[in-house]
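The primary structure of each chain is shown beneath.
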Amino acid sequence: MSHFKKKRGNSTPKISTSSLPDIIFMLLFFFMVVTVMREGERKVQVTVPQATQLIKLEKKSLVNTVYIGKPIKKYQEIYGTQPRVQLDDKFAKNLDGDIALFLEKHKLKVNEQLHGAIITSIKADAGVTMGIVTDVKTALRKANQLKVNYSASPNTDRMNTGL
Amino acid sequence: MARKRESPEVNAGSMADIAFLLLIFFLVTTTIDADKGIMVQLPPWSDEPPDPTQLNERNVFSVLINANDDLLVRGEPADIDLLRDRAKEFILNPQGRPDLSEKPTKAIISLKNDRGTQYDLYIEVYNELKAAYDELWEEQSQKMYGTSYEDLPTDNKKAVRAVIPLVLSEAEPTDFGDE
Numbered sequence: 249m250s251h252f253k254k255k256r257g258n259s260t261p262k263i264s265t266s267s268l269p270d271i272i273f274m275l276l277f278f279f280m281v282v283t284v285m286r287e288g289e290r291k292v293q294v295t296v297p298q299a300t301q302l303i304k305l306e307k308k309s310l311v312n313t314v315y316i317g318k319p320i321k322k323y324q325e326i327y328g329t330q331p332r333v334q335l336d337d338k339f340a341k342n343l344d345g346d347i348a349l350f351l352e353k354h355k356l357k358v359n360e361q362l363h364g365a366i367i368t369s370i371k372a373d374a375g376v377t378m379g380i381v382t383d384v385k386t387a388l389r390k391a392n393q394l395k396v397n398y399s400a401s402p403n404t405d406r407m408n409t410g411l
Numbered sequence: 161m162a163r164k165r166e167s168p169e170v171n172a173g174s175m176a177d178i179a180f181l182l183l184i185f186f187l188v189t190t191t192i193d194a195d196k197g198i199m200v201q202l203p204p205w206s207d208e209p210p211d212p213t214q215l216n217e218r219n220v221f222s223v224l225i226n227a228n229d230d231l232l233v234r235g236e237p238a239d240i241d242l243l244r245d246r247a248k249e250f251i252l253n254p255q256g257r258p259d260l261s262e263k264p265t266k267a268i269i270s271l272k273n274d275r276g277t278q279y280d281l282y283i284e285v286y287n288e289l290k291a292a293y294d295e296l297w298e299e300q301s302q303k304m305y306g307t308s309y310e311d312l313p314t315d316n317k318k319a320v321r322a323v324i325p326l327v328l329s330e331a332e333p334t335d336f337g338d339e
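Chains as they are written, first to last, in our numbering: chain A, 249 to 411; chain B, 161 to 339.
I should point out that these hints are in silico values taken from the structure, not numbers from a laboratory. You may find that some hints are simply not true.
Unchecked claim - Residues from chain B that keep clear of chain A, each with C-beta distances beyond 12 angstroms, as calculated:
id, residue
1, E166
2, L215
3, D239
Said to hold, decoys possible - List time: in silico DSS-like cross-link candidates among lysine-lysine, alpha-carbon distance up to 30 angstroms:
id, chain 1, residue 1, chain 2, residue 2
4, A, K308, B, K263
5, A, K318, A, K307
6, A, K307, B, K263
7, B, K196, B, K248
8, B, K318, A, K308
9, A, K395, B, K318
10, A, K321, B, K248
11, A, K304, B, K317
12, B, K317, A, K307
13, A, K355, B, K318
14, A, K395, B, K248
15, A, K357, A, K291
Every residue, glycine too, gets a C-beta built ideally from N, C-alpha and C.
Input sequences plus hints: build the corresponding full structure.
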């Protein structure tokens with residue numbers, strides 16, 4: 249008893265913070281693993297539509313992305329408010345040619361055996377009309393890039409009941 | 161004199177700060193949700209107009225979305241909430257009705273839209289049609305193998321898809337609406 253009393257007489261014990269770095273490191277590693285770096289500058293506003301029958305794009309290196317949406321505020325003076333197509337970090341001017349070039353550029357980075365597995369992800373804003381999407385689809389078909397993924401976010405309030 | 165000192169401990173107090181800095185950097189750059197979407201196989205491009213083969217009307221399930229975002233199924237206005245079930249019924253035709261497809265392998269779903277159709281509505285409709293097939297595959301897989309379609313090996317998946325092939329043809333869009 250006297251042993252305990254002695255301690256209580258001292259000032260309040262300090263909480264050990266030596267494990268704090270470990271905790272933080274754990275969080276750090278978690279975020280490092282799940283991080284997907286933002287690639288380049290997004291010049292169009294895109295809010296993808298919602299859907300339920302989604303398939304995850306597994307291999308990032310086999311995916312190229314086409315953005316469709318209204319130019320962001322900064323570019324509206326130059327490019328107007330009509331939906332535009334963004335490839336890499338540029339607006340496409342001549343769709344068929346630019347998309348073919350964009351696909352060829354991406355193919356250079358991919359192993360030749362895997363060219364057939366390349367997927368084009370169309371990230372289009374929910375508010376655009378089908379006209380521009382159809383033009384992109386036609387350009388992709390002309391460039392013989394037939395595997396396409398319409399990017400969408402999971403729909404929470406109408407989940408799939410059948411599966 | 162100085163040599164007699166014990167080697168000083170490295171102060172680890174700032175380690176947390178450094179880790180915090182890195183943590184915040186990764187927090188900011190993180191986009192957790194991976195890319196997801198509806199997979200579509202586009203038809204190859206050909207300059208020739210499509211073959212005007214006359215299909216038996218009962219085997220075609222035509223879905224039209226016009227520029228006003230109205231949904232027409234087989235020529236009549238329809239409700240999107242019923243689309244999935246109607247498509248499933250059309251493909252399987254469990255009661256052998258004369259106006260639905262002869263058999264699943266002959267069923268064709270034809271989707272047509274306008275250039276003025278809203279993209280999110282198009283995706284919603286496409287999603288419903290895809291869901292109809294996904295649900296049918298799931299049921300078929302339960303019947304054939306007793307397991308979920310997603311757990312099947314590739315060969316068995318192909319076998320299921322051979323019974324109920326996904327035939328979703330998209331016509332050239334019309335050009336009535338404003339873009």
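* Please name the hints from earlier in the document that this structure breaks, with their numbers sorted from lowest to highest. => The structure conflicts with hints 4, 6 and 10, although it agrees with all the remaining ones.
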